[in-house]
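Trainee: Go ahead and model the full structure; you've got the sequences and the hints to work with.
There are 2 protein chains.
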Amino acid sequence: MKYPNNIEKEYKKPLSYKNRGMDLEEDLNTSNAYYLEKDIALIFKKPTPIGVAKVSYSPKGKVIERAFFKEPSTLDYNGLYKGKYIEFDAKVTKNKTSFPLANIHPHQLEHIKKVIKHKGIAFLIIKMNENVYLLNGEDLLSYIEKYARKSIEYAYINKNGYKIKYGFNPTLDYLKIVDEIYFNKEELIWQN
Amino acid sequence: MKYPNNIEKEYKKPLSYKNRGMDLEEDLNTSNAYYLEKDIALIFKKPTPIGVAKVSYSPKGKVIERAFFKEPSTLDYNGLYKGKYIEFDAKVTKNKTSFPLANIHPHQLEHIKKVIKHKGIAFLIIKMNENVYLLNGEDLLSYIEKYARKSIEYAYINKNGYKIKYGFNPTLDYLKIVDEIYFNKEELIWQN
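Protein chains in written order, with my numbering: chain A, 1 to 192; chain B, 1 to 192.
To be clear, the hints were calculated from the coordinates, so they are not data collected in a lab. Quick caveat, the model's predicted, so the values are computed rather than measured. Treat the hints with caution; some may be incorrect.
Remember, identical chains collapse to one label, so a pair may be satisfied in a single copy or spanning two.
Unchecked claim - Taking lysine to aspartate or glutamate pairs in the DMTMM-like style, the calculated list, with each CA pair at most 25 Å apart, reads:
#, residue 1, residue 2
1, Lys119, Glu130
2, Lys46, Asp76
3, Lys176, Glu138
4, Lys114, Glu138
5, Lys62, Glu153
6, Lys60, Glu37
7, Lys45, Glu71
8, Lys70, Glu180
9, Lys45, Asp76
10, Lys114, Glu26
11, Lys163, Glu180
12, Lys119, Glu26
13, Lys70, Asp39
14, Lys159, Asp179
15, Lys54, Glu37
16, Lys46, Glu110
17, Lys82, Asp139
18, Lys70, Asp139
19, Lys119, Glu180
20, Lys38, Glu110
Mentor: Here you go:
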């Protein structure tokens, strides 16, 4: 996606604890760009929600002088694939034994429940121990309901998550996994 | 949707030519909030895409010091309704005889084509001559292909668009029209 109207060069986020998921994000963005170019799927990262506090007007256009990041209550990526609504979030943890659930806001868990209820596809893409997993929303929610823990054990992710392999194009072919989970069993899942 | 973490009061846009569609936007936002609350549909306005040029760090969190609005290449609203992907844009014109197509970027028209191709639902909600119309993506595209004009005649919108009535809750029940257009003929549209 090209935005022609940038008047200044975009700020690049510094590498920090908060942004250590950036390479996963970049890999997903290039994968989505590939899916778009090949007309396979329409999946985009949503813009970060902000609250604008002050603007000014320059001859080149409106400039935001002060704004704040807001907390999202939905997931970061959504779109359309084979007639189905898809929504997911990408998370990275350096923790080797468990995935901390503080990474996901309660609003977002509620949202995952609703997406599933309304017959959409919802999942997390988790990068952990140098692997990238697709953990579907149903498995995420059932773990939390059963164990109500503050984190998900790596063993659970490694057993129930689907490993996404790195490749050339797309970098992370997560739709191959979506095909496996949601479309091969279509008659089971979508006919209810 | 509530965002708890706003540190400053949000800037309210002044009433101007650029913002004259705001009341339609507000009516759609309250309608979407109603659909969400009643668990009818999950439809959200996407955050405005911005390019952040400068940030600073305060004890309360990261503050954007300089940013620019970007041009969207998708439509403003998207979500999930009865298992279907929905995407639309809201447009207001004071023009009484025709709807200027300069209101829609070429990227957005391409995007509408793709959404339809991938079996999503795409449309415009147009406020014009004190009426609110849902013009489905297929009718929009076929008009542009046939007449290739810089605007759509009001007569066409009034004939082919579906009038959305104002009500109490939801303010604008556009999903009623979506039901009429896309779900009553489900076997015709979705089986191909």
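Trainee: Each hint should be assessed against the structure and marked as holding or not.
Mentor: Outcome of the hint check:
1. Lys119 - Glu130: neither (32 Å within a copy, 36 Å between copies)
2. Lys46 - Asp76: Classified as both; 6 Å inside a copy, 11 Å across copies.
3. Lys176 - Glu138: within (18 Å within a copy, 30 Å between copies)
4. Lys114 - Glu138: within (11 Å within a copy, 29 Å between copies)
5. Lys62 - Glu153: Cα proximity of Lys62 and Glu153: none, with 47 Å in one copy and 31 Å across.
6. Lys60 - Glu37: Cα proximity of Lys60 and Glu37: none, with 31 Å in one copy and 41 Å across.
7. Lys45 - Glu71: Both, since 15 Å and 15 Å are each at most 25 Å.
8. Lys70 - Glu180: Close neither inside one copy (35 Å) nor across copies (36 Å); limit 25 Å.
9. Lys45 - Asp76: Answer is both; intra-copy 6 Å and inter-copy 13 Å each pass.
10. Lys114 - Glu26: between (27 Å within a copy, 23 Å between copies)
11. Lys163 - Glu180: within (12 Å within a copy, 42 Å between copies)
12. Lys119 - Glu26: neither (28 Å within a copy, 27 Å between copies)
13. Lys70 - Asp39: between (32 Å within a copy, 24 Å between copies)
14. Lys159 - Asp179: Answer is within; shortest intra-copy Cα gap is 19 Å, inter-copy 41 Å.
15. Lys54 - Glu37: Neither: 37 Å inside a copy, 31 Å across copies.
16. Lys46 - Glu110: both (18 Å within a copy, 19 Å between copies)
17. Lys82 - Asp139: both (22 Å within a copy, 22 Å between copies)
18. Lys70 - Asp139: neither (28 Å within a copy, 37 Å between copies)
19. Lys119 - Glu180: both (17 Å within a copy, 20 Å between copies)
20. Lys38 - Glu110: between (33 Å within a copy, 14 Å between copies)
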